[in-house]
Amino acid sequence: MSITRRQALTSAGAAAIAAGISKPAIAAKEPIPIGYLPALTGPSSSTGIGINRGIQLAVQEINAAGGVDGRQLELITRDTQSDPTKAVNAAAELTRGVKVSVVFGPVNSGESLAVVPLLARTKTPQVHPCWVDTLTDPQKYPMCFRNAPTNQQIGAAANRYVVDVLKRKKVAVISDTTGYGTASVNAYVPMLKSMKAEVVYQGNVDAANPDLKPELLRMQSAGAEAIMPWSVNAGFLSRIINTRGQMGWDVPIVGQTTLGSGQTKDLLEKPDYWAKVYPNNFRPVCYGAGGALTDRTKAFLDRLKSAKIDMGDTLLWWIALGYDSPHMIAQAMKNAGTEPEQVVGYLNKLKGFPGVYGDISFTPEQHNGYLDEQVVMVEANSLKNGAFNLAPGYGA
Amino acid sequence: MVESIVLSGVAIGCIYALIGITYNVMFSASRVFSFTAGTLGMLGGVLGSLFIIRLGLPMVVGFVLALAGGMLLGIVTELLAVRPVLKSLDQHLYVLSTLALALMVQQFTAIEWGTESRPFPRLLDIPRVTYDQQYWLPMLACIVAIVGLELMFRRTLVGRAFLAIAEDTYAARALGLPERGLRMASYALAGAIGALAGFAGGQMLLAFFGNAPMLTFYGFVPVALGGMGNNRGAVVAGLLLGLFQQTANFLVGGIFASVAVFTVFILVLLVRPEGLGGAATQRRV
Chain D
1 MSITRRQALT SAGAAAIAAG ISKPAIAAKE PIPIGYLPAL TGPSSSTGIG
51 INRGIQLAVQ EINAAGGVDG RQLELITRDT QSDPTKAVNA AAELTRGVKV
101 SVVFGPVNSG ESLAVVPLLA RTKTPQVHPC WVDTLTDPQK YPMCFRNAPT
151 NQQIGAAANR YVVDVLKRKK VAVISDTTGY GTASVNAYVP MLKSMKAEVV
201 YQGNVDAANP DLKPELLRMQ SAGAEAIMPW SVNAGFLSRI INTRGQMGWD
251 VPIVGQTTLG SGQTKDLLEK PDYWAKVYPN NFRPVCYGAG GALTDRTKAF
301 LDRLKSAKID MGDTLLWWIA LGYDSPHMIA QAMKNAGTEP EQVVGYLNKL
351 KGFPGVYGDI SFTPEQHNGY LDEQVVMVEA NSLKNGAFNL APGYGA
Chain B
1 MVESIVLSGV AIGCIYALIG ITYNVMFSAS RVFSFTAGTL GMLGGVLGSL
51 FIIRLGLPMV VGFVLALAGG MLLGIVTELL AVRPVLKSLD QHLYVLSTLA
101 LALMVQQFTA IEWGTESRPF PRLLDIPRVT YDQQYWLPML ACIVAIVGLE
151 LMFRRTLVGR AFLAIAEDTY AARALGLPER GLRMASYALA GAIGALAGFA
201 GGQMLLAFFG NAPMLTFYGF VPVALGGMGN NRGAVVAGLL LGLFQQTANF
251 LVGGIFASVA VFTVFILVLL VRPEGLGGAA TQRRV
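Protein sequence lines, in the order shown, are assigned to chains D and B. Residue 1 is where the first sequence starts when you use my numbering, and the numbers rise one by one after that. Residue 1 is where the second sequence starts when you use my numbering, and the numbers rise one by one after that.
The shape of chain D in the complex, shown without the other chains (with noise of 0.2 Å):
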């Protein structure tokens, strides 16, 4: 059988279009390259551990569940081992190379504030839980987005605890000589003056200082009535409870997360030392009264204890913010499309994702979703699976 030029060009037409048609099915297939960079070693880990097990857990979900439109979830995991110099070197390989469709994380501000402004040049949408405030800018950075509290929103919610709440109005801010430690500072004592407080004592301290009497002392001798730590350093945190425990000071020590950390606990000269010690946490992972939490962290936790996930050494709002990361993002995928504009459309007018760790809206000129409310106080010495009771004087 001869065929004519006719047919084979046909031939050859119809072929061409159905490899046209099928590119697209196979492509739908494909899984959808999901950038993650967390700190799984190194220095500042602990973070990154913990909402490494709630990812996890998610992306598995996602994907038994169908994944996006019948495409998997791969998560592109690069460890920058604590250290903004890797961070900057994964992110470059995920956005150049493997070419991810979202970023999620750096987990910690140090390698965040090196990783955002990159992120943005190679216009790759990001979704970070670092808490430095200029590390969202819709201006500067109008693919990135916060999906969790700013500094600002934790040295508030502090400060109204003192003051609002303990109606304590004589105040001890002290930090130590970290970055992190002295813009604490030098962003709360303002913000407590405006509420009429008065700050009697301001002072930043080198964390290594084995003896901070001299410190608690001045405190005391100003008439502190509530002191406010801010460091991540649990020796330093851990120096300031024993001090203020051997010298029978009863005053409430009121500030950051580690103040309830296990190593903090680990430090304690007296297990006592940790009554009237209330770190920040996050209202929709804390024990309400009588010990209960919401039906939704309830729920999160059975399926934490079924999927037999370690709650022992890490803190619930950790796992519980890695949870909700790749929900949120697999949301704006399935509402929206998986290219950059859409996703980023679509998050720019997200209203009440309901997280575990709280919900979170954005808008094209606010990407800090986290809302104020959701900012509390705890009581340290409740730790019980991860979390916290709420501190006294907070509403059921």
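Derived by calculation from the structure, the hints in this document are not laboratory data. We put the beta carbon where it would ideally sit given N, CA and C, even for glycine. Don't take each hint at face value.
[Stated by the list, open to error] Calculated cross-link-like contacts (lysine to aspartate or glutamate; reagent style EDC-like; alpha-carbon spacing at most 20 Å):
1) D:Lys276 <-> D:Asp295
2) D:Lys270 <-> B:Asp125
3) D:Lys270 <-> B:Asp132
[As the list claims (entries may be wrong)] To give a feel for the contact side, a few chain D residues facing chain B, derived at Cβ under 8 Å:
4) Gly42
5) Val200
6) Ala207
7) Glu215
8) Gln220
9) Ala234
10) Gly235
11) Gln263
[Unchecked claim] Pairwise CB distance ranges, derived in the manner of DEER restraints:
12) B:Pro58 <-> D:Tyr394: 43 to 51 Å
13) B:Pro273 <-> D:Thr182: 53 to 61 Å
14) B:Leu79 <-> D:Ala299: 53 to 61 Å
15) B:Leu267 <-> D:Gly179: 23 to 31 Å
Take the given structure of chain D and dock chain B to it, following the hints.
Just chain B, lined up with the frame of chain D:
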């Protein structure tokens, strides 16, 4: 307040003095200022916590192993960071090599041990009192170290050999003394003293990788003030430093206390460059 200043000032001063002695012992044997001295102090605390709390070993065993760890790092310092640069002492390459080794050990500790301060065990099972063991243990360690060194240098052949090396390396070698072996033994001894400082002060300083740079800086002050290679000077200067620092903490507080310490340090060196207890060295021509 005075009691508190004296108690914690003398205790922390003793730790600085021990680190100063660590510098001196290494310096005497090699004419090298090894910046691993503070790292040895940090390791004493970390290893003590590791062996006694994490591994559950008896206190005495943990103590011996912590000192052995310090001795090992002392020997490694001599082999890796000092011996290769001894031929060109005048170029001061040891600053770079010992600092590099110190940073490597510090970072390795941060990665393996963590960056958080961890608890150091109560060494003696006695109730906490004002004059607690966390204050008098560093004092005791300092007394033991200085008396032990004096006895060794004055009463033993090995101690005299150490002194001979410190006095004149070439002459000592010409007399048949094993200079290389004695230098390594000096570094091992310095390692043990550095680790002793960290172990005895562990309850104050905690097991924290960040103690390394703090001890390196503050431990150097007694050496500079007390006179290089002068152990008695280092003890006196260390105690003065601790007391002055604690007084500054009470009077001005915060970071200003550190500023006050280093201001006085610089002023003293401007007035007496050879240190308070040192004699101006004669230069051979």
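Hints, one by one, checked against the model:
A threshold of 20 Å between alpha carbons decides the hint, and for D:Lys276 with D:Asp295 the separation of about 28 Å lies outside it, so the pair is violated. For the given pair, D:Lys270 sits about 14 Å from B:Asp125 by alpha-carbon distance, which is consistent with the 20 Å threshold. With a CA separation close to 15 Å, the supplied pair D:Lys270 and B:Asp132 stays within the 20 Å bound. Hint status for D:Gly42: holds, given a least beta-carbon distance of 6 Å to chain B, under 8 Å.
Annotation: interface hint on D:Val200 violated; nearest CB of chain B at approximately 13 Å, more than 8 Å. Taking 8 Å as the C-beta cut-off, the interface hint given for D:Ala207 holds, the closest approach to chain B being about 7 Å. Hint status for D:Glu215: holds, given a least beta-carbon distance of 6 Å to chain B, under 8 Å. A distance limit of 8 Å between C-beta atoms decides the matter here; for D:Gln220 the minimum to chain B is near 12 Å, and the interface restraint is violated.
Because the smallest distance between the Cβ of D:Ala234 and any Cβ of chain B comes to about 5 Å, under 8 Å, the interface hint for this residue holds. The restraint placing D:Gly235 at the interface with chain B holds, with a minimum CB-CB distance near 3 Å, inside the 8 Å limit. Because the closest C-beta pair between D:Gln263 and chain B is about 4 Å apart, less than 8 Å, the hint holds. The hinted range of 43 to 51 Å is satisfied by B:Pro58 and D:Tyr394, whose Cβ atoms lie roughly 47 Å apart.
A hinted range of 53 to 61 Å is violated for the C-beta pair B:Pro273 and D:Thr182, which are about 35 Å apart. In this structure, B:Leu79 and D:Ala299 meet the distance hint of 53 to 61 Å, their C-beta atoms being roughly 59 Å apart. A C-beta distance of roughly 30 Å is found between B:Leu267 and D:Gly179, which places it inside the suggested range of 23 to 31 Å.
Hint violations for this structure: numbers 1, 5, 8 and 13, all remaining hints satisfied.
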